[in-house]
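K.L.:
Below are the chains, spelled out letter by letter.
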Amino acid sequence: AQKVTQAQTEISVVEKEDVTLDCVYETRDTTYYLFWYKQPPSGELVFLIRRNSFDEQNEISGRYSWNFQKSTSSFNFTITASQVVDSAVYFCALATTDSWGKLQFGAGTQVVVTP
Amino acid sequence: GAVVSQHPSRVICKSGTSVKIECRSLDFQATTMFWYRQFPKQSLMLMATSNEGSKATYEQGVEKDKFLINHASLTLSTLTVTSAHPEDSSFYICSARERRGQGYNQPQHFGDGTRLSIL
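Going line by line, the protein sequences match chains F and R. Going by this note's numbering, the letters in the first sequence line up with residues 1 to 115, in that order. Going by this note's numbering, the letters in the second sequence line up with residues 1 to 119, in that order.
Every clue listed holds true.
Pairwise CB distance ranges, derived in the manner of DEER restraints:
id, chain 1, residue 1, chain 2, residue 2, range
1, R, Ile12, F, Gln83, 31 to 37 Å
2, R, Thr17, F, Phe47, 28 to 34 Å
3, F, Pro115, R, Ser83, 43 to 49 Å
4, R, Ile12, F, Lys70, 43 to 49 Å
5, R, Asp65, F, Gly43, 23 to 29 Å
To spell it out: a stretch of chain F is covered by chain R in this simulated footprint if at least three of its residues, at any positions, have a beta carbon under 8 Å from a beta carbon of chain R; those stretches are:
id, stretch
6, 43-51
7, 106-114
None of these hints come from the bench; they were simulated from the model. The beta carbon of each residue, even a glycine, is placed where N, CA and C say it ideally should be.
Bound conformation, chain R alone (with noise of 0.2 Å):
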């Protein structure tokens, strides 16, 4: 079945470092790629929608210079987490959209996450 794989799965540095997380669909092309964050025992919440070629369009109350997405193809979704704080420290997870089918009936697959720790 489709697949996409989230790079790292876990990741621990130093406050101030920046950070990217890589998601890719690998057997499909994705129009759309969204990125969700959860806190500890919370729900997932939509932080930003990533569409190849064009910028990506954020929710409301999430800051487009803290968390940077690149859709640079139609597989490959990047989200940098810039100048790092603990505040941040988070579970990040892709989902992708697959470029098949009509609208609606597009299916979506999720990647497995990254677990995010800023010290």
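Next comes chain F alone, as it looks inside the complex (with noise of 0.2 Å):
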């Protein structure tokens, strides 16, 4: 069985401050994928990242940047120096290979930047 957990209903910042979104998965697979998407108030889906499990780096794109670590079976992702425009609800997610495309996601974690 597979399982993504994101502990934080709804994270609240004050624009410029970093936010970490937590993700933890669960998953008996020894290959497998791990995503994030961003879906703002309008509903559709951003994609964001996908990671495979034998690439351990972490990642950086702009402000956005990730943390996966087979060990703890997190892949956490932080927003730095945020904008109002961040404010959304974000999940992660976890496909493996025999379900490839088929997406378990996370609860989702709300997040509110204010000004």
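Combine both chains into one complex, guided by the hints.
P.N.:
What follows is the structure, given as structure tokens:
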């Protein structure tokens, strides 16, 4: 069975603060993929990153960074110097090779950035 | 980049109506399409997997007679909510798996979703 846990329901920050979103996953597969998506109030899903289980390198893309730790089954996401436009729900998701394309989503974390 | 068009974006209709939602890959062939459902302030839950030319595979607890899926071509899948009732009101979103590369390297793209409201 697969599971993705995003324990933080909502995080509120003031603009320019950093915010870290936690994601813990469970799977018995040795090959799997982890994703982060952003869902703004308009509803569409915006793809942010895909990481496979063999690549533990951390990644930085502009103000976004991701920390993948297989030892703790975590794939955390940090927004540096947050902006109001970062306000959205962020989902972590997991896919395994035997069910590729079927994404198991976490519950999501609502990020509220106030000016 | 690859685009998935989902139509309509929003629909409001009376109870008992059947509603069809289209998911179309505009510039790529999709071997597989997926349909998700999202209730307000909840996560996305996979409803079914749609493969071109074959029957859809439904997740446990999803009524196949209620949610009819047709994947007639490599670029189009449709979800029909039959005899919709207020409890079917939800956000439905599709994704399409691009037919290139190897299995798990095939990119997946999401549509913008359909907000269904049944009165």
